[in-house]
Structures are given as C-alpha cells and as structure tokens.
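Q: Here's the letter readout for the chains.
2 protein chains.
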Amino acid sequence: MNQAYVHGYNTRETRRLKNQASALVELLHSDTRYQKGSQVLEAGCGVAAQTVTLASNSPNASFTSIDISADSIAKAKKAVEFAGLHNVHFEQADIFDLPFEPESFDHVFVCHVLEHLSQPVEALETLKRLIKVGGTITVIEGDHGSAYFHPDSEAARLAIQCQVELQRKAGGNALIGRELYPLLQQAGFDSIRVDPRMVYVDSSIPDLVSGFTRDTFTAMIEGIRGAALNAEIIDATTFDAGVRDLHRTTESDGVFCYTFFKAIAAKS
Amino acid sequence: MNQAYVHGYNTRETRRLKNQASALVELLHSDTRYQKGSQVLEAGCGVAAQTVTLASNSPNASFTSIDISADSIAKAKKAVEFAGLHNVHFEQADIFDLPFEPESFDHVFVCHVLEHLSQPVEALETLKRLIKVGGTITVIEGDHGSAYFHPDSEAARLAIQCQVELQRKAGGNALIGRELYPLLQQAGFDSIRVDPRMVYVDSSIPDLVSGFTRDTFTAMIEGIRGAALNAEIIDATTFDAGVRDLHRTTESDGVFCYTFFKAIAAKS
Numbered sequence: 001m002n003q004a005y006v007h008g009y010n011t012r013e014t015r016r017l018k019n020q021a022s023a024l025v026e027l028l029h030s031d032t033r034y035q036k037g038s039q040v041l042e043a044g045c046g047v048a049a050q051t052v053t054l055a056s057n058s059p060n061a062s063f064t065s066i067d068i069s070a071d072s073i074a075k076a077k078k079a080v081e082f083a084g085l086h087n088v089h090f091e092q093a094d095i096f097d098l099p100f101e102p103e104s105f106d107h108v109f110v111c112h113v114l115e116h117l118s119q120p121v122e123a124l125e126t127l128k129r130l131i132k133v134g135g136t137i138t139v140i141e142g143d144h145g146s147a148y149f150h151p152d153s154e155a156a157r158l159a160i161q162c163q164v165e166l167q168r169k170a171g172g173n174a175l176i177g178r179e180l181y182p183l184l185q186q187a188g189f190d191s192i193r194v195d196p197r198m199v200y201v202d203s204s205i206p207d208l209v210s211g212f213t214r215d216t217f218t219a220m221i222e223g224i225r226g227a228a229l230n231a232e233i234i235d236a237t238t239f240d241a242g243v244r245d246l247h248r249t250t251e252s253d254g255v256f257c258y259t260f261f262k263a264i265a266a267k268s
Numbered sequence: 001m002n003q004a005y006v007h008g009y010n011t012r013e014t015r016r017l018k019n020q021a022s023a024l025v026e027l028l029h030s031d032t033r034y035q036k037g038s039q040v041l042e043a044g045c046g047v048a049a050q051t052v053t054l055a056s057n058s059p060n061a062s063f064t065s066i067d068i069s070a071d072s073i074a075k076a077k078k079a080v081e082f083a084g085l086h087n088v089h090f091e092q093a094d095i096f097d098l099p100f101e102p103e104s105f106d107h108v109f110v111c112h113v114l115e116h117l118s119q120p121v122e123a124l125e126t127l128k129r130l131i132k133v134g135g136t137i138t139v140i141e142g143d144h145g146s147a148y149f150h151p152d153s154e155a156a157r158l159a160i161q162c163q164v165e166l167q168r169k170a171g172g173n174a175l176i177g178r179e180l181y182p183l184l185q186q187a188g189f190d191s192i193r194v195d196p197r198m199v200y201v202d203s204s205i206p207d208l209v210s211g212f213t214r215d216t217f218t219a220m221i222e223g224i225r226g227a228a229l230n231a232e233i234i235d236a237t238t239f240d241a242g243v244r245d246l247h248r249t250t251e252s253d254g255v256f257c258y259t260f261f262k263a264i265a266a267k268s
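Each protein sequence line maps, in turn, to chains A and B.
Per the numbering used here, residue 1 is the first one in the first sequence, and the count goes up by one each step.
Per the numbering used here, residue 1 is the first one in the second sequence, and the count goes up by one each step.
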C-alpha cells in the first residue's frame with residue numbers, strides 16, 4: 001500500500017479526528033462489545049481515535065491495533081496510555097502485509113480505513129484470513145454522498161464533491177459507506193448485516209452542531225481547500241462560498257444530515 | 001388550495017401508496033399512539049394509506065380525517081370499513097379552510113402532505129390554531145435528496161431530479177423532509193424533535209427490495225415518465241436509463257437508501 005492519506009497528517013487533522021470521535025462515539029461504537037478473552041485486531045487505528053473507546057468498552061478483550069504510519073502509532077500509544085488502558089498492543093504494519101498467522105484473531109474491527117484503499121475487497125479478504133472460523137468483522141465507513149442540508153447550496157455540494165474527487169484521485173472512495181454490503185459479499189463473508197447510523201443535526205442539538213457539522217464535517221472540507229484548488233477541481237470563489245454555506249447550516253434554522261454505515265459480518 | 005397533485009390520482013398510484021404504506025408502516029408509524037379519548041385530526045388522509053394504521057394503533061382515540069379530494073375520501077372510507085374500524089370520521093375539506101373551531105383537537109397528524117403545498121408554514125399555522133394548548137403535531141415527509149444507491153448512476157439521479165422539478169413546478173417541495181425543523185419553528189411550535197427514519201435496503205431484506213425500492217420508489221419515478229418528458233426536463237433515453245439503473249439497485253449486490261423525516265412538536 002502506497003497511497004497518500006487524503007486528509008493529511010498535521011496537528012489540526014489529529015484534533016479534527018479526536019473531535020469527530022468524541023461526538024460520534026456513542027452513535028458508532030456503543031454497541032461494539034467483545035467478550036472476555038477475545039483477541040481483536042483493529043486494522044488502521046490511526047491516532048487511536050476509536051481505539052480508546054473500543055478498548056474501554058471491552059476491558060476484558062485484548063486489542064492489537066495496527067497502522068501504516070509510525071507517527072500515528074506513536075500518538076496512538078500516548079492516547080491509550082493517557083486513558084489508562086492496558087489491553088491494547090500496537091504495531092506498525094501494512095494492512096496488505098500483516099505479520100500475523102492465519103486465524104489469529106476472534107474479531108477484526110476496521111473504521112474509516114476502506115475509504116482510503118484502492119482495493120477494499122482484497123483488504124477484506126486479507127483480513128478474513130486472519131479471523132478464526134465463527135469470528136466477525138466490523139466495518140464502519142462514512143459516505144459523502146449521504147451529506148445533505150438546509151439551506152441547500154449548489155456551492156456546498158460542489159465543495160463536498162472536491163473531497164470525493166480528491167479521494168478518488170488518491171485511489172480511494174468517499175462514497176464507500178453504501179457499498180459495505182456488496183464489498184463484504186465479494187470478500188466472502190456471511191451473515192452480513194449493515195446498519196446505517198445517520199447523524200441528524202439541527203439547532204436543538206448544539207453539541208452536534210459544533211461537534212459534527214462545524215468541527216468535523218465542515219472542518220474536513222475546509223482542510224482540503226489547497227488540495228482542491230491545486231488539483232483545479234474547483235475555483236476559489238465557489239469553494240469559499242461552499243464552505244460559507246456549510247457554516248450557514250449551523251445557524252438556528254439550519255439542518256445537516258450525514259450517514260455512517262456500520263456492518264457486521266461473519267466468517268463461516 | 002388549487003394545486004395539481006403531482007403523483008396523479010389513478011388506480012396504479014392508489015396501489016403504489018398502499019404498497020408504500022404496508023412496507024413502511026412499522027418504521028414510520030409504530031411509535032405514534034394516542035391516549036384514550038384523544039381527538040386527532042389527520043390532515044390530508046388521501047386514500048387512508050396511513051389512517052388504517054393510525055386508527056388501529058390508537059383504538060380508543062377518535063380520528064377526524066380530511067382530504068381535499070372527494071374521490072380519495074370515498075376510497076378512504078371503504079378502506080377503513082374494510083379494516084373494521086369505527087373510530088374514524090371523514091370529511092372532504094381544504095387544509096387552508098377547515099370547518100373546525102379553534103382548539104378542537106388534542107393532536108394533529110400530517111403525513112406526505114406538506115411536500116405538495118406552496119405555503120407549508122401557513123398550513124402549519126392553520127393547523128396549530130386547531131390544536132389545544134399542550135397538544136402536539138406529528139409531521140412525516142420524505143426527501144428525494146436523501147435517495148442514493150449502489151451502483152451509483154447519473155441517469156438515475158437525473159430521473160429522480162425530474163420528480164423534484166415537477167413537484168417544484170406544481171408549487172411543492174420534494175426535498176421538504178430536511179426542512180421540518182425550521183418549518184415547525186417558523187410556524188411557532190415548541191419542543192420540536194425531528195427523528196429521521198432511514199430506509200436502508202440491500203438484498204438481505206427482500207421485502208424491502210420489492211416493497212420499497214421497486215414498488216414504491218422506482219414505481220413513483222416510472223410513474224412520472226410522461227409528465228417529465230412533456231415538461232421537457234429530460235430526454236426519454238436518459239429517463240429510461242435512469243429507471244433501468246434504479247431497477248439495477250434491486251439486484252443481489254445493490255443497495256438503496258432513502259430517508260423519511262418524522263417530527264413531533266408541541267403547541268404551548
């Protein structure tokens with residue numbers, strides 16, 4: 001795997017991922033609990049935005065969390081230490097070349113990773129080999145085509161489309177959430193159950209207005225301004241109008257909708 | 001109110017609405033229960049697609065169901081008789097000129113109606129006057145901008161956009177679901193809570209593949225072919241390709257997503 005990580009690796013991005021994680025933890029992860037003694041592989045842990053929640057919610061399971069970036073692993077270790085957790089072991093590794101024996105794990109957990117890969121089915125097949133028969137895989141991905149809002153705005157839709165285009169140019173797929181069912185099907189998993197987690201935000205839920213609409217989604221779009229202009233996908237005026245219109249959806253009469261897809265499937 | 005009902009009034013449309021109702025009853029209506037003795041106004045009952053469920057789920061409440069179409073009222077009466085229900089009274093009436101005294105009802109229920117109105121806030125204000133202080137309004141609307149699917153298809157998106165355009169030309173708004181919060185806000189309701197009901201369909205749920213993707217949503221788009229071509233919004237080749245691509249999403253690797261918005265608000 002040798003792909004540019006489209007979101008970048010700077011400090012602001014780290015903070016954005018942490019904000020995202022804290023606002024969405026309940027929605028995405030509260031129903032993921034692993035039994036005592038389970039060996040769980042978290043493939044693509046990044047800076048441990050999800051790892052802390054995962055490991056806290058299943059204190060008697062053992063987690064092996066891998067990421068391709070040594071820098072992310074260093075940050076992830078600190079985050080897990082800071083949380084006082086002792087059930088996570090980190091390794092720097094490539095998801096397509098993992099240093100584990102077949103059927104080493106009871107369960108695999110993959111969150112916000114497949115969107116960055118040009119060969120998501122191959123990644124799922126690789127992970128499947130590592131799961132014991134009867135074990136499960138949990139996959140969580142967003143889908144930028146699920147973003148819509150009030151007031152509606154052509155410019156905002158075009159600014160979001162820049163992220164889809166950049167992800168595509170980097171070999172990934174920002175519309176992958178809706179595809180989890182066929183991807184898991186193709187990789188040979190069974191008992192696939194996809195459960196969308198829609199984030200609906202209006203001004204009666206101020207924590208989500210700030211934590212999700214502004215600091216997660218709009219911040220992500222703002223963060224690709226340079227890349228989008230460099231790639232000549234959009235002009236600066238339209239992009240900036242789009243970002244302004246995304247901020248407009250955080251006002252008292254604004255609404256913002258986005259859907260994450262959570263899938264659980266079995267290896268039989 | 002003098003607006004063409006964009007879906008039309010033919011028998012196929014009646015059957016489509018019934019299919020839609022039966023596939024979605026649980027998702028949309030199962031949590032709507034009115035207390036014994038409640039007087040409930042259902043504004044815009046159509047052919048009673050929702051009325052039967054509403055009245056069955058709250059057998060000790062009394063429903064007054066109105067619609068502007070005498071023909072729909074006649075069909076609605078038959079449907080309610082056929083279901084053996086005795087707690088529904090029908091009247092033909094215009095939502096903007098209702099023959100009821102202020103504060104006549106404990107609750108108001110409006111489903112798939114506002115999308116057809118050019119003045120939804122005024123309609124909500126009119127209905128608000130009929131509700132007793134402390135009573136509630138329940139509003140359910142779809143949002144065609146919430147439809148996305150796999151495989152993705154530009155032609156399918158354009159065919160759906162025809163419905164949005166036709167609705168707009170008829171004075172309505174097919175993207176109204178996301179706007180329920182600001183609309184209820186503008187109409188002066190309090191304690192507004194919007195609860196999206198996302199319909200996620202993949203081939204592991206064959207009842208929804210047929211009942212929703214094919215017989216409800218795709219059938220609706222197929223039904224506007226003549227109107228869309230007459231209005232010159234689209235060419236026949238693109239429209240037909242779009243409908244074919246919507247059917248494609250019903251295959252074993254296909255996925256279809258759509259969201260209804262259910263809002264409950266209080267008059268205080």
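What the hints contain is simulated information worked out from the structure, not anything from laboratory work.
Where is the CB? At the ideal position from N, CA and C, for every residue including glycine.
Among these hints, one or two may not hold up.
Sample of chain B residues at the chain A side, in silico, Cβ under 8 Å [as the list claims (entries may be wrong)]:
(1) Ser146
(2) Gln167
(3) Gln185
(4) Ser204
(5) Phe260
Far from chain B, some chain A residues (derived; all Cβ distances over 12 Å) [claimed, not checked]:
(6) Ser62
(7) Pro196
(8) Arg197
(9) Ser204
(10) Ala219
(11) Ile221
(12) Ala236
Q: Close enough to count: is the Cβ of B:Gln185 nearer than 8 Å to one in chain A?
A: Nearest chain A Cβ about 6 Å off; hint holds.
Q: Closer than 8 Å between Cβ atoms is the bar; does B:Ser204 clear it against chain A? Give me holds or violated.
A: This interface hint holds because 6 Å falls under the 8 Å limit.
Q: Just checking, A:Ser62 versus chain B, shortest CB gap more than 12 Å?
A: holds (31 Å)
Q: Would you say A:Ala236 is clear of chain B, with no C-beta pair closer than or equal to 12 Å?
A: holds (26 Å)
Q: Report holds if the minimum CB distance from A:Ile221 to chain B is greater than 12 Å, and violated otherwise.
A: A:Ile221 clear of chain B: closest Cβ-Cβ about 18 Å, beyond 12 Å.
Q: Quick one, is the B:Phe260 hint okay against chain A at 8 Å, beta carbons?
A: At about 11 Å, which exceeds the 8 Å cut-off, the nearest Cβ of chain A leaves the hint on B:Phe260 violated.
Q: Beyond 12 Å from every chain B Cβ: check whether that's true for A:Ala219.
A: holds (21 Å)
Q: Test the statement that A:Arg197 is away from the interface with chain B: the closest C-beta pair must be farther apart than 12 Å.
A: violated (9 Å)
Q: Would you say A:Pro196 is clear of chain B, with no C-beta pair closer than or equal to 12 Å?
A: For A:Pro196, whose nearest Cβ neighbour in chain B is about 5 Å away, the distance does not exceed 12 Å, so it is violated.
Q: Compute the least Cβ-Cβ separation between A:Ser204 and chain B, then decide whether it is above 12 Å.
A: violated (6 Å)
Q: Return the status of the interface hint for B:Gln167: holds when the least beta-carbon distance to chain A is below 8 Å, violated otherwise.
A: violated (14 Å)
Q: Holds or violated: is the Cβ of B:Ser146 closer than 8 Å to a Cβ in chain A?
A: holds (6 Å)
When the structure is compared with the earlier hints, violations turn up for hints 2, 5, 7, 8 and 9 and for no others.
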